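Kindly generate the complete structure, drawing on both the sequences and the hints.
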Amino acid sequence: MIVYLLCFVLFLTGLYGVITRRNLVKIVISLSIMEFSIFLFLALIGYVDGGTVPIVDPADKGVVTYVDPLPQAMVLTAIVIGLATTAMLMAVIIRIYRKYKTMDIREIKNLRG
Amino acid sequence: MNPFIPLYVAIPLAGAFLTMILGKFLPRLNKYLGMIVLVSLAVMSLISMVTVSGSTYIYKVGGWEPVNGIPVGIYMVLDNLSALLLCIINIVGLLAVIYSFTYISQYTSENYFYSLFCLMIAGMNGVVLSGDLFNIFVFLEISAISSYALVAFGVEREQLEATFKYQVLGGLASMLILLGTGFIYWKTKTLNIADARAVLSAGHEKSFYLLTQLLLLSGFGLKAAIIPFHAWLPDAHSSAPSPISAMLSGVLIKAVGIYVILRLFFNMFMLSEEMAVLITVLGTLSMAVGVFLAIGQWDIKRLLAYHSISQMGYVVMSAGIGMLLIARGTRPEVATLALGGALFHLVNHAAFKSLLFLNAGAIEYRTGTRNLQEMGGLARFMPATSSTSFAASMAISGLPPFNGFFSKLIIIIAAVMARFYLLAAIAVIVSIITLASFMKFQRYAFYNTKRENDKTTLKEVPFPMVFSMVTLALICLILSLAAIPHLRDIIFAPAIRILTDAQLYTAPILGF
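Protein sequence lines correspond, in order, to chains A and B. Going by our numbering, the first sequence wraps up at 113, each residue one higher than the last. Going by our numbering, the second sequence wraps up at 1512, each residue one higher than the last.
Treat the hints as calculated values from the structure; they're not laboratory data. If you're wondering where the values come from, they're calculated on a predicted model, not measured in any experiment. Please note that the accuracy of each hint is not assured.
To be verified - Simulated crosslink set (DSBU-like; lysine-lysine; CA at most 30 Å straight-line):
1. A/99 to A/109
2. B/1189 to A/26
3. B/1024 to A/99
4. B/1060 to B/1189
5. A/26 to A/109
6. B/1189 to B/1206
7. A/26 to A/101
8. B/1440 to A/109
9. B/1459 to B/1440
10. A/99 to B/1189
11. A/99 to A/26
12. B/1187 to B/1165
13. B/1440 to A/101
14. B/1187 to B/1060
15. A/109 to B/1165
If you want it as structure tokens, here you go:
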């Protein structure tokens, strides 16, 4: 149970960062922290107490418990997608810095209303 | 097994990569490649619309057959609801590509545009066809990432700011969706929508169930820009190049937002009264607040973007009424009517809102401004733009004989028959305010004559843009024929049956 709580604390840390930080790069880092707390959660729900690597070995005769491999596959896919999103955000931040000469979110407010 | 289903994703993906590679060597080819891709997809989706007629086609990716009756592979499911959405996506996409032929030539690196466009289409087709929660997430991210890039296509200050906001909120939405998917997998040990329903209907914990529903509703609500989650929409939709605004407003928020909400809440979760009330309230709020935010706008595309929120409110409210009636188990014929109104308005909104954004793009293309106060008297110089935008304005404000009138009428009749008189009254009032707002748009852009003399150099936009706009205006007129009961039965009735009776969706997949 405590690991799930820690996961949630990590999620909240990220959320706090997204809401309070003023620097664009820090917002992106906080988003990544949130993202990784969810990846951790997904990896945790596939965990089976005392389970081993989910590779079926024909030599094993007895009953072996494996951890659930499907959430791991999901996490791998989600990490790749997260990488693409982060790269895209960073590219946008570089462009924003060239146009506005600042990374402070309070000074980037052309769009209103 | 239908081997043609993956082609809806494979063709645009291949188109995206070929455009990228061939565009380097043959820079003139890329737009025709994009058009060929979209033409073939549009023809395929029209054919599927005719042939699917109530049955369900399934494609198992990789040929993984079910083990002991439990589906293990990734399923792609084509039924009438998916076919309807496929038609919207690919036909509006085709017209937007034709429009882009001349519009995008004002930007640099055209081949990236067509490549990203095809990628976005691939993502949306994938979302609509997939029968698996995690697969929906993956395709949704494909379409989302390409739309982030397309919103920033002009790389000016405002576009970059809009795309940053859009990406942060979009990233938050995908996290909520991923978390909801994780919860579903945790408790049901399956990701297949039909199988998850079978497990959930066997019994579930109440609190977990509510939390998952709320997570998925807020995730997809963020994508659909329902009112408490709408902050990104006006910025992103008004900053993007016009054909992309037409795609985002006309198609993307429906395919990855409304469609998935309908699919999950009708076909995966058991309908519960409290969620139905919540969805109805959110829809009504979007409808009313969206239109009030739109009144004060002077930027055409911002005005249209706020109206998108308001019109999506009609769809969500009507779907919520249908959901509520089904959950209560009373008066199924009114529920059918409400859902029919929701789907009809969804299709109509795709036609008239993309047309309005293309009109706004045409005005910007010739006058170089989006501010209504700096325009005026354009009707004399741009007759095609003026008349098509008049048709679209009448359609969105709900005046006969255009399609918007009939779908709003059905929604209001359904609300009255369900005895939600307050909702019906709000829908009528919002419609009147919409009319006022579009009268302002028409008057300031096309008929105000105060600057008649100094705009003599203006002329009509090039042929590809006119072609797209006129075709969409004709579609707006033709769609009003779908109000005839007989035609409605062919187009909408099978899709509504899938929503009202989840057995119809799950039975072919689970192989009963």
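So, going through the hints one by one against the coordinates:
no. : hint             : result
1   : A/99 to A/109    : holds (13 Å)
2   : B/1189 to A/26   : violated (36 Å)
3   : B/1024 to A/99   : holds (28 Å)
4   : B/1060 to B/1189 : holds (19 Å)
5   : A/26 to A/109    : holds (18 Å)
6   : B/1189 to B/1206 : holds (17 Å)
7   : A/26 to A/101    : holds (17 Å)
8   : B/1440 to A/109  : holds (27 Å)
9   : B/1459 to B/1440 : holds (23 Å)
10  : A/99 to B/1189   : violated (48 Å)
11  : A/99 to A/26     : holds (19 Å)
12  : B/1187 to B/1165 : violated (34 Å)
13  : B/1440 to A/101  : violated (38 Å)
14  : B/1187 to B/1060 : holds (24 Å)
15  : A/109 to B/1165  : holds (11 Å)
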